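Chains as they are written, first to last, in the numbering used here: chain A, 440 to 835; chain B, 11 to 323; chain C, 11 to 282.
Bear in mind the hints are in silico, worked out from the structure with no lab data behind them.
Just so you know, not all the hints are guaranteed correct.
[What the hints assert, rightly or not] In the EDC-like style, the derived pairs of lysine to aspartate or glutamate whose C-alpha atoms are separated by at most 20 Å in a straight line are:
no.: 1; chain 1: B; residue 1: Lys195; chain 2: A; residue 2: Glu471
no.: 2; chain 1: C; residue 1: Lys146; chain 2: B; residue 2: Glu214
no.: 3; chain 1: B; residue 1: Lys153; chain 2: A; residue 2: Glu535
Predicted, not measured: the structure shown is a model, and the values here were computed from it.
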Amino acid sequence: MTPEPKSEQPRPHGWIGIHRGHKARPVEWLAEKFIFLVSLSAIAMVLLIFLFVAREAMPVFFGEANTALIQPTIPVAELDKHSPAELQRYLDLTPEQYKSVDHDTLLALMQGKLDEQNEVPENFRKDADARINTTEWKYLLQSHQWSGYDRPEYIWQPVGQIKKFNIIPLIVGTLKVTLIGLLFAVPLAVGAAIYVSQLARPRVREVVKPVIEMLSGIPSVVVGFFALLVLATVLQKIFGYQTRLNAFVAGIALGFAVIPVIFSIAEDALTSVPRAYTQAALALGASRWQTAWQIVLPAAIPGVFAATVLGFGRAIGETMIVLMVCSASVMSWSIFDSARSITTTIAAEMGEVVAGGPHYRILFLLGALLFAATFVSNMIGDFVIHRFKNKLEGKR
Amino acid sequence: MNGTQARHFRADKFDFWSFFFSGLTGLATLFIIGILVTILVNIIYNGWSSLSWHFVSTIPTDLFNMKTTGILPMIVGTTIRVFVMTIFVIPVGVITAIYLTEYAPNTSLITRVIRAAVNNLAGVPSIVFGLFGLGFFINFVGKNMDLLLHNPTSVWGRPALIWAALTLAVMTLPVVIVATEESLKAIPPGLREASLALGATKLETILKIVLPQALPGILTGGILAVSRAAGEVAPILLTGVCTYMVGLPHSPTDQFMDLGYHVFILSTQSNDIDATRPILYATVLVLLMLTFALNIVAILIRARVRKKLRALG
Amino acid sequence: MAETLIQKIVAQQAPAAAPAAGAPFIRIEDVSLYYGASKALKNISLNLDEKVVTAFIGPSGCGKSTLLRCLNRMNDLIDNVRIDGCIKIGGHDIYAGDVDVIELRKRVGMVFQKSNPFPKSIYENVAYGLRLHGMKSKSDLDAAVEQSLRSSALWDEVKDRLHSSALGLSGGQQQRLCIARAIAIKPDIILMDEPASALDPIATSRIEELILELKKDFTIVIVTHNMQQAARISDQTAFFYIGELIEFGPTAKIFTNPSQKRTEDYVTGRFG
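With the rest of the complex left out, here is chain A:
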């Protein structure tokens, strides 16, 4: 055997070729960067949603909007006595707009402002309410004794000369409907999840699971329609209350929409409890039910809790069902009264508002509130589920 020099051997590709460098593939590099950038879109969207919903709500948030019917006026002659910033706010202009108008236009605008104030009906001149900026936080959150009322009340009444924007009735309405929905949905969905994951035979499970999940395929407008036409009548006959359409009906219908959400998360949590637990219990002579109740359910409690929290997030965000079933905004905790949820308010009123006006801004503020609430409930739900799964897998 004669030692052969390596370089003389015929090779399909010489080994020297491997030194082309790992940066020698621009397409590969570009593709990877592109894929990475696109994958950031989910983050971008969440940020944009927050940014743009909050942006529209900003003036109300910082108390810059003013809805007072009667505002202190500045005589046209005193134009020069005031700073540009003051004038700009007084005339409801943006800084850019203010810069672009010339002196004559400014005078005309100030005259217009005076005329506007002169047109306020005489009966409001003595009304203290007419001088209130109803978009201040105080009036958004606290009760107030409006003229003509005999005690302080929480009122959402965004149309009329004096617009009342108290959001408490909407929050109460939302919670009322949501809680009814959850009280109805959680026991049913968790019960079904226990049955399907622990007690049912595999054949039954394979049929029942997709059937229940099909419920989530029904558009919410269809659930709302069904509640409006059928469910409301049936429930009224059973419970015999006065108003046909009320928070109770809306809550039950909302339950229909939330059941599949809670069911699939709870079922998932229950099935992910290791089989070793159940088999150990069964081997000790426990019945299937005892195993489910004493072993599996306690182990899966965080999962069931997370399912409820995520169901809550889904329920407070549901729009069409509540919009179709009940929508009068009354401040009442009774479940057989009507209720108006935050989502309903946005959906019903956004079409009729002046873009950029105070009502418009407050609706966006409500949207931001809703976004924050669901954001928090999703975070909690995901966090709990994550911890739960890691714990089951023995991670920390």
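Given the structure of chain A, go ahead and fit chains B and C onto it with the hints provided.
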């Protein structure tokens, strides 16, 4: 031996609580199925009789009159908005899922943030998407486009088909991402290794081995997104739908009529609910058939894919 | 018992070719590998010659597969892996900064433990690598596919159904298809990670025959659990134990006259 047998037959003793609670949870299950069946039967039973070819193929002149009404523009509107949505959402969703499964280091911060964002996006209320569409697409993007193009009247800065579709695309992004990710994860890692060991680059492996395998899963995700979007009303309420318009939409900046919104209009705005009931039921039936048919197709594809992958090992 | 059987096998083998006098083809110098904080390979040095079959043996978890995967840098795919030391093939440091892993893997093919044909036709499986590396014309592809299928002793079994799915083949056929796929792109080295561990004895013996055949053209490194297999097919054997290289030498010596106590214990079946 006898001892064990005696213990084995303990089930002879009637266990009341076991029976009671199994029955209770079983009833809960039945009750839920009952709800579903009731809704479906009610709608099919009442809607079937008034459904006709004339109804689905007519452009209506009076929404509330059974003789002259039809839902062609609503079917067209819903179809187009959903179709335009898929053009945007599928590429973005699939590429994000590819990043998450094929490229992203599992433990890195950015991956966790992306996952958290996807989860959150899935939980944002649909009306907030509507507000977002209004605040971002219409009032920001649209208005600025009008300024840039020097349009004398507002063309882009008002509710339109394109903005509704984009809003829906943002809303259904998590659906597509999650479904695609699931199908990518189901592909045996051995296939990727085999391809890489042959000297394929990552991109080549993804394009030639991974994606063809994941195609049915991606399709499922797309269908689920379409079915979810087809039934959603809240996000389009503020971004492009209208109660009534003459004819069909012609351009992306037109408004459109929509099946789900039509159900809402018919059930809440009618003066004579008894007279519109048949129209309402027929419309609901069409909407339901559309979304359910899509759902069932998605479920079937998914089942087939799972079977095939199981066979693959 | 096992001892005599293996000795018999070794005795039947033709004397191993004398190692080439030049520089070793694959030179592993002081390689350590860490998964996070745990050290999976401990300062391994090993020289492998060209056109020789080298077997890596040892109990599970001893690092033999990990070392094998270092040779075509498949470990790069795993997060959190760090490699110290140097691996040179044909004089080129494959972990050098300017090395393109893709080019490396074209030259170092791999066959996996679990046969993993692509869910495509038999033809497409073999043609996949060829297409990747720029072979376009139909006639070239046809010829190359046929040649690799012949070299992997699969041609006669599949020539009538080249365009049916590769998943329809038996386990042994699938594994030979994977070998055909790997040799189609004419690598210099073929790494085999327990290629026959999931196969029945008949399919295994066909793979072994094939390996002896392929030795003429390729440098082969094979990881195996099966000591008789190592004895039958390899020229050199390396024994690993918990991340360390215990002994390396001609197969006959390892199996009949190991110099280390642990090697002897393992090859005589006292543990493992």
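Problem - Numbers of unmet hints, in rising order - result: none
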